[in-house]
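Undergrad: Residue numbers (my numbering), protein chains in the order written: chain A, 1 to 341; chain B, 1 to 199; chain C, 1 to 625; chain D, 1 to 330.
There's no promise every hint is true.
FRET-style restraints, in silico, Cβ to Cβ [what the hints assert, rightly or not]:
1. N97(D) with T19(C): 55 to 65 Å
2. E252(A) with E173(D): 32 to 42 Å
3. D227(C) with E31(B): 28 to 38 Å
4. P138(C) with K323(D): 32 to 42 Å
5. G22(B) with D227(C): 26 to 36 Å
6. V223(A) with E144(D): 24 to 34 Å
Here are the computed lysine to any residue pairs in the SDA-like style, where the Cα-Cα straight-line distance is at most 25 Å [as the list claims (entries may be wrong)]:
7. K233(C) with C197(C)
8. K387(C) with I412(C)
9. K147(B) with E368(C)
10. K321(C) with G234(C)
11. K253(D) with R212(A)
12. K285(A) with E139(C)
13. K177(B) with K35(C)
14. K175(C) with P68(C)
15. K3(A) with Y48(A)
16. K210(A) with E115(D)
17. K285(A) with G304(D)
18. K295(D) with V268(A)
19. K318(A) with A294(D)
20. K138(D) with G247(A)
Because the hints were derived from the structure by calculation, they are not lab data.
Ideal placement from N, C-alpha and C gives every residue a C-beta, glycine not left out.
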Amino acid sequence: MGKLNLAVYWASSCGGCDIAIVELGEHLLELAQVADIVFWPAATDFKYDDVEAMEDGAIDVTLFNGSIRTEEDEHIARLLRRKSKVLVAFGSCSMEGCIPSLSNIKGIDYALNRAMFENPSTVNPEKVLPQRRFGMPEGELILPGLCNQVRTLAQVVPVDYKVPGCPPHYEQVWKVMTAIIENKLPSRGGLLGVDSRTVCDQCPRKREGKIRVERFFRPHEIVPDPDRCLLEQGILCAGPATHAGCGALCIEANMPCRGCYGPPDGVVDQGAALLGAIVASFEGKSDAEIRQVLSTIVDPLGTFYRFSFADSFLQQLKANPEEAGRICASQADGSEEEVEQ
Amino acid sequence: MADNEELRIGVYVCSCGSNIGGVIDPAEVAEFASHLPGVVLAKDYLYMCGDPGQNMIKRDIIEHKLNRVVVAACSVRMHEPTFRACVAEAGLNPFLMEMANIREQDTWVHAHDPEGALQKAKDLVAAAVAKVRYVSPLQMITVPVTKKALVIGGGVAGISAALDLADMGIHTYLVEKDLSIGGTMAQLNKTFPTMDCSI
Amino acid sequence: MVDAARHPNIEILAYSEVTKVDGYIGNFRVEVMKKPRYVIEDRCNGCGECARVCPIEVPNSFEMDIAPRKAIDVPHDQAVPLVYAIDIDHCIRCYKCVEACGKLDAIDFSQEPEFVELDVGSIIVATGFETFDPAVIPEYGYGVYPNVITAMELERLSNSSGPTVGRVVRPSDGKTPKSIAMIQCVGSRDSRFMEYCSGFCCMYTIKNALLLHQTYPDMDITILYMDIRTPGKGYEEFYNRARAAGIRFIRGRPSQITEDPETHNLFVEVEDQELGEVIELEVEMVSLSTAAIPQADTERLSSVLALSRSPSGFYMEYHPKLRPVDSPSDGVFLAGAAQGPKDIPASVAQGSAAASRAARVLTSDTWEIEPIVAKVWPELCISAQGKKCGICAQACPYNAIIVEPGQPAQIIQAKCHGCGGCAAECPHDAITQDHFTDAQIVAQIRELLRENPEEKILVFMCHWCSYGGADSAGTSHFEYPSNSRGIRVMCSARMDQEFILEAFRRGAGMVLVSGCHPQDCHYITGQQVAAKRFSRVPRTLERLGINPERFRVEWISAAEGEKYARVITEMSEKLASFDKEELRAETERARPAIEKRLRRWMMTPHMAPFLKDEEEQEVEKEVMA
Amino acid sequence: MIRSDELDRSFVQEVMAEPGGEHLITCWSCGTCAATCLVRRFDPSFNPRLILHKAGLGLREEVLSSEEIWQCSACDLCYPRCPKQIHISEVMKAIRNIAIREGYEPPGPFPEVDEQICSGCAVCTRACPYEAIERVTKVVDGEERTVAQVTKTLCMKCGICVAACPSGAMNLESISDRELISRMGAGGWLEKPGYLQGGAEEPRILAFVCQWSIHSDREWEKIRGLESDQLRIVNLSCSGRVDPAMILMALTKGADGVLVVGCKEGECHYQRGTYLGRSKVALLEQMLEQLGIAKSRVRFAESGSLDRFLFPRLVREMVEEIKASVPVVA
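Just chain A, same shape as in the assembly (with noise of 0.2 Å):
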């Protein structure tokens, strides 16, 4: 048996996806004994012509890591779908939309206005927005628009698994590349490197089990005790409602699970599931206790969906699907078509 072919790709999203592959070490050197890297823009010099080169299906594995943002990501999101086997959503982001698809909620506007001029560290006097064309003296240059929906890999081409975690956690890593070297994947469209069961199968807190909170705090409002669930603390914990996998990873920092390893096995809303968890950890005995308690848990829709609203009913109800893919307003010019070619 030949050597495997592997890419890994970094759509929009921190790079954390990418070094949580570099996180391997040691395991990079076995991986390379039994895998080439045809392309990884962030650790090979290879260009997208030397993709569009290779044939269809030349690549074996793509782990393919942020969410679809810009007519680039699209682009190359459906190259590599041309030429991989398999095609991977690596990591939150191209899974379920993660942190930038929270954008989506006020939109592709707002997030220009608030990133271009309204934010403190930005000094912009002439109000200037990135344009799609620039001219330059050697001639026009041509920037990758921004669409107006932030989407999931999944949202834009058939993807054939998805592994979860912002970022995946290098020993689940480990596990996915494993499986893939010994030809052990299962049979497509589950979830890669990744443990049954949710967060808190893994969380070694005390659960009481009957205890209701009456308010919710912020994790910089109290120091809570190591020891006993963070729920049970008052402290909005997205562990009930996440997938296992992460080893309980930020729970062991005395910080709250926030969710990013996504629903747990058959549930389709992580929120919406999340938030029928919440509610009942609270004590409300009337409708102003209720409403008091709610008062102290500050931006539902952002704590719910953190990590997955691109992936979300709420999603779905707010943007209509023909637009998502298209040039934002701002940057249209009547030339998407084109590019798109």
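Assemble chains B, C and D onto chain A, guided by the hints.
TA: Just chains B, C and D now, kept in the frame of chain A:
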């Protein structure tokens, strides 16, 4: 306290059927009382307020020259007038009779604790005997009577009372807080069981 | 009504209230406030011209507020006296009535409340009852659904002199209902509201049902009841008539009434107890047979007349069986529903009974009253020595004590009611009270605490309230621990601080002083005098080194048997928690200081021997001899 | 015929000695509780008055072995109405405690825990109004783990745990997710386009109605009759059973509005279910607002024991509000 008079106290412990006797033994109380200073006679009886009981007291006052009487029975609010009248009929000043409440304030509330109830009865009798040593004969105060009546409330009860008094020749004021007398009755349609008009 | 108005010996003071009562049996002085009618009684001839021109309509409480009357009007045509009155809160002062009255000139806007004083020998309280407001039972929807009315409203609706001239109609649409449900025991027999049975509701409901049946033979009438109570002569026969007439009776207490918002019909849900099934009854109207409750001013009048009230709030009789129309105040009698819910025959009978009880006094020339009055030891009174004092006079609620410098205080026997407050207040023990002398009381303290005093609670009770409360605990058989020992005095005002100290000197485990609630005090301000005195006792005890928790003050009415039992139980529990050795030690330590405080007894007649045990023995001998 | 020797006086004492049972014999059988009780609507054989009466007579075996004693959910609707102020559910609890000691068990079915999925996260134990779920440590597939376990003698089968479980490990057959979703979508109702999507003349409303919040059969019939293309009614065991995911799913499909009807504050058949339902909807409202979507598309409404024919008005109001709101999708 009458000066230089020898105290001759009679103590009468009522059984009140089983009301007292069902919890404590009145004879034991009487026996205890008989040893108290000044007591010349202590008896118990089934119903002290009945004629035989009262007659016994009257007879004893005369026969044994009793000059103080203690009746251990029910509340003064119940039978003090009875026993005052009783001793008065035997020639004793009614204020020389004292009662010990061993029913309402003892056996009726301590049925669960007969021992404690007995001790309490003895103490109450001893206290009444102690008090009666210091009582003096008193004369009732006679006051004049204004021969007029006031009826407060002009409903059916008030009107009925006022009419009866008025018919007896007593001038009666009928005070009504509302504009008209008649009260609730006047508001009613026909009344039961005769179905006649209310006004 | 008319008989009363015509009787030469009856003087009706309508629209008037009793505001003050002084005196005693045979000799009451009563202040009555005549509220202004703004119509001169003597001039008004009841023609009604004024009402005809009056432009203002106000709710008529006689019609249960379901119909209006004019701002100048009579409550109803047969009013006695037939004198008009102006509802001044609603009058717009257009003076059309003045014009209409014309030459009679009976209208007088300048009227003010007028106070008259009456001297009477006896008083009969016949203030009646009120009906319970069913709006406090949300599940019955009174005040929410227009077609849920009270039985009193039904009385007015079906009364031919009422606002609809006897035509029974639904408030929602003015139509005669085809069906009606009558619900019994609304507020009565309900421990949330009135524990008692109001007694006459069964009968008036049956009466209303029969009347409706006669007038509207097709009306579907249902009576929902828990028990039908017909314990009067001819009453059960009356009930049989209703059964025979086809009135439907369902045994069961409805759980709720709901309304169809469109038709305003009502759904009454009730479990038919015989069937064990829930029936949902759709009716066009519901009548609630509401409880009879004490008049709103019962409390005010009870303090004016020094009457007590039963737990139900009605006036309390002297004795429920033997003296049912006597009040605890001599010369004051009770009649009718003021004493408890009663139907008309019973009220009439009680009116006659009260009249005859009152006549016992009123037909006599003189009356004998108890000689339990205060008495001064002139040689002990410092006023006689020319010193300024007068504390006794200040304590007397009846102005029965005259203090003149150089003279001993003087008690006016006829004015003295015998509360004993002066005797307790006198700082020189120069006053005592007949039949409740210091020696009589202290002798009782000694006997009651002769054995195991530290195990005992010594209780001082006032004759009218807390002694009655203790009796009432007895009649109700409320059990409590047997270690309390009571001493009765007439009023808490008689409970001298020296008696409390003496009790502790004798080693009493605990001491309770108890009396009437302030508004119930039989001697006007006796309780206040006592309360002020008792408020100082804890500090005194503290200074003497006695734990003030061993002393308690409670105001217990004659009706509060439960409270009496509870207080003794609580005190007994507390006493049990104290270490008895420590109690005895406390007594020993405090004894010299207490004796120092009691040394005045060496001067007071009969009292010296109580201070020293040996001398006690001697006096015993002396008494024996 | 009941013979006097079957009347066990000691049973009365036994019940009264049990905490909560003190008031057993204060009852004089007025029937207010029976007429109030909602359990009777679904099971006419249940009669709290009769249970108390039988217990008061001393019919020990009959009472302890009856299925009825397990049916009182302690909604306490009857308690404030009882003219003798008897806390009937407490008396019932006292009787049940005796029954438990004697080994009696209530009839099922009960919620089942899928131990393969359960993480022992304790969400259900906190959610349960009756403290009827414990976390127990046991061997599952050869591994020791902590999982939820339902205490049958306490469970009232309200389904709150089913809704609360974030990983779908709790299931009660009659009110499972699958069952509810199939009722929501029966006849393709959900797939038809909504008003806001430009596919319907009038807003289409999906109503989740707590079965206890509609207090009479007559009214249920009337409400059922309102079902149409515009209105779909899914009855729930309790408004606390409502699943936020189902609400959101319905909104993304053909429902313009989702109405959740629960019992009035203080009248919830399962004590805290109505608060759970209300809280879920309140949070959804907040999130819709954050998203800039008219929050009138979800609503929680109370229906009290005294509210009659309220439901049509609630639907009408919702329809009007949705029409007045700016459509989100052009």
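Undergrad: Are the hints correct? Go through all of them and say.
TA: Going through the hints against the structure:
1. N97(D) with T19(C): 55 to 65 Å: holds, 59 Å
2. E252(A) with E173(D): 32 to 42 Å: Since E252(A) and E173(D) have Cβ atoms about 39 Å apart, the given range 32 to 42 Å holds.
3. D227(C) with E31(B): 28 to 38 Å: violated, 50 Å
4. P138(C) with K323(D): 32 to 42 Å: Once the Cβ atoms are compared, 34 Å apart, the range 32 to 42 Å for K323(D) and P138(C) holds.
5. G22(B) with D227(C): 26 to 36 Å: With a Cβ separation near 32 Å, G22(B) and D227(C) satisfy 26 to 36 Å, so the hint holds.
6. V223(A) with E144(D): 24 to 34 Å: Between V223(A) and E144(D), where Cβ atoms are some 32 Å apart, the hint holds.
7. K233(C) with C197(C): holds, 18 Å
8. K387(C) with I412(C): holds, 21 Å
9. K147(B) with E368(C): Within the cut-off at roughly 15 Å; holds.
10. K321(C) with G234(C): holds, 24 Å
11. K253(D) with R212(A): violated, 34 Å
12. K285(A) with E139(C): holds, 22 Å
13. K177(B) with K35(C): holds, 9 Å
14. K175(C) with P68(C): holds, 19 Å
15. K3(A) with Y48(A): The given pair, whose Cα atoms are some 22 Å apart, holds under the 25 Å limit.
16. K210(A) with E115(D): Between K210(A) and E115(D) the Cα gap is close to 20 Å, so the pair holds against 25 Å.
17. K285(A) with G304(D): holds, 16 Å
18. K295(D) with V268(A): Holds - the C-alpha atoms of V268(A) and K295(D) are around 22 Å apart, at most 25 Å.
19. K318(A) with A294(D): Given pair K318(A), A294(D) holds - Cα atoms ~11 Å apart, limit 25 Å.
20. K138(D) with G247(A): holds, 21 Å
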